[in-house]
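S.K.: Next come the chains, spelled out residue by residue.
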Amino acid sequence: MHGLINRSVQNFVCDTFGKDVWLQVTQRADLGFSEFEAMLSYKDDITPRLLDSMAAVTHRSLTDLLEDIGTYLVSTPKLEGVRRLLRFGGVNFEEFLQSLDDLPDRAKLAVSDLDLPRMELDEKPDGQFDLICQSPVPGFGLVMTGVLRVIADDYGALVVLDHETTADGFERVSITLIDTDFAEGRQFELGAPII
Amino acid sequence: MKGDPDLNMLDVLCPMHLVVRNDGRIVHVGPTVQKLRPDMTWIGAHFFEHFDVKRPKSVQSITDMRRKVGTKIHLALRGDPSSDLKAVLVPRSDGADDVVINLSFGISILDGVRTYGLSNADFAATDLAIEMLYLIEAKSAAMDSSRQLNLKLQGAKIAAEEQAFTDTLTGLKNRRAMDHVLARLVSRKLGFAVMQIDLDYFKAVNDTLGHAAGDHVLQAVAQIMVEETRAADTIARVGGDEFTLILPEIEAQQTLLNVGERLIERLEKPILFQGKECRISASIGTVWIRENQNVVPKDILSDADIALYQSKNAGRARQTIFDGRRRPLVS
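Same order as they appear, the protein sequences are chains A and B.
Numbering of the first sequence is given in my numbering, commencing with residue 1 and proceeding in unit increments.
Numbering of the second sequence is given in my numbering, commencing with residue 196 and proceeding in unit increments.
I should point out that these hints are in silico values taken from the structure, not numbers from a laboratory.
What you are looking at is a predicted structure, and each value in this text was computed from that prediction instead of being measured.
Even for Gly, the Cβ is constructed at its ideal location relative to N, Cα and C.
Heads up, some of the hints might be wrong.
[Unchecked claim] Between beta-carbon pairs, the in silico distance windows are:
hint, chain 1, residue 1, chain 2, residue 2, range
1, A, L40, B, R383, 37 to 43 Å
2, B, K230, A, S61, 46 to 52 Å
3, B, D247, A, T76, 43 to 49 Å
4, A, P77, B, S288, 49 to 55 Å
5, B, R379, A, P138, 56 to 62 Å
6, B, D199, A, L40, 54 to 60 Å
Let the sequences and hints guide you as you build the complete structure.
M.R.: Here you go:
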């Protein structure tokens, strides 16, 4: 799994629970080190171990934690870049949803060895969308649920989100778009300086 | 012109265009061109009042531009803020004299959107400008991350190298570092001296007061050697109680004798460890290599050893300078 993903988990745990908890998580996961490098790759089995250990140490359910990671990724001021890169996807929330199919390719353009799970958006009547995630590590849909919650807010859209794992092992995030123009949303300037 | 279906089409497909009469009068601008000068009345203004043609130089009028249909023209928007733009011109197909000039920021896209506060809506939906901006941001972030990693790795490399050349107990250089320095001096045929120093009675300290006392003595010895030599000199701990000093730019044998004498004198002063006195001394063997001498490191070290053993055999606590004829001079 790419260092960016593991490093995101590290930043989330450090910022949410503190550095001490992070050290406990890495010890419990038996990593042999405590710092992930964003630009290096790590063995695939490390990430699930890390996540399980995080749940055990924090006494929180992995489901909640994964969604919180998604929320964290796009709301922490430290990672303003992630929010901005996602906002390039579209001028409104619906256009953003339609751009999610391209997200793994967009990510690859930025970091060529970053493999994000494939996603597919199904459009249903009445402002309903299903986002189907096909991830080798279960739980990516939960992370996306957290991301979508914040990004919808960012666009000023009012949405209801629901996550489930389908019988064939895919994850489905159902998105009910109640109002695209519910609130003001956050400003997005195309040419904002890079942090 | 309002309601002209062609112009409505152009506004969507290329929102940064102008329609210009043959005499240079502007008759229509796309919505993004309007954003470049929001308060200006474009309609009726003269094209060359607001744009300079930078390349090709030969183009100075709309008639000239008509000869460049479909090719890239470099423009500069006059006034403040000014911008460099790329342009392409096509005549309108309906028989009128008008030409359509489509503009783009080209490689200055980032400056363009920043300067004029442009948004997604200011570009055609198929324009790659937004993707370009995305890439600039994404690549800059990734590059930044990589640069940080590179700096970190470079720091770790320097630290590792430093460690590999350092004796961890005393902080002096180790044998590897000493070999390195010696090889460099020899290959450049520079003048220098090598001083081989063996501590006397050190084993007794270790045996009677323990290893902690021994370590303490070695650290104190290192400190004395640093104090009694110059910054350009190399001090290495090459064995348990063996040290090698490399002293470049020695002018006279007396200098070496003075250094050796001072070292022995200071090392003989008792070193305190947990209230107990540790007494040692040192035997020294020195080789002085003059400039432009053809020597090999191995011989220098063995000559220094010969001199050192002369000192030891003569009763320790003294120094010997190897005289080059294998007849060491004991002092």
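S.K.: Give a verdict on every hint.
M.R.: A quick look at each hint next to the structure:
1. A:L40 <-> B:R383: 37 to 43 Å: At 41 Å between Cβs, range holds.
2. B:K230 <-> A:S61: 46 to 52 Å: 50 Å, holds
3. B:D247 <-> A:T76: 43 to 49 Å: With Cβ atoms ~46 Å apart, the hint holds.
4. A:P77 <-> B:S288: 49 to 55 Å: 53 Å, holds
5. B:R379 <-> A:P138: 56 to 62 Å: 59 Å, holds
6. B:D199 <-> A:L40: 54 to 60 Å: Holds - the Cβ-Cβ distance for D199 of chain B and L40 of chain A, about 58 Å, lies within 54 to 60 Å.
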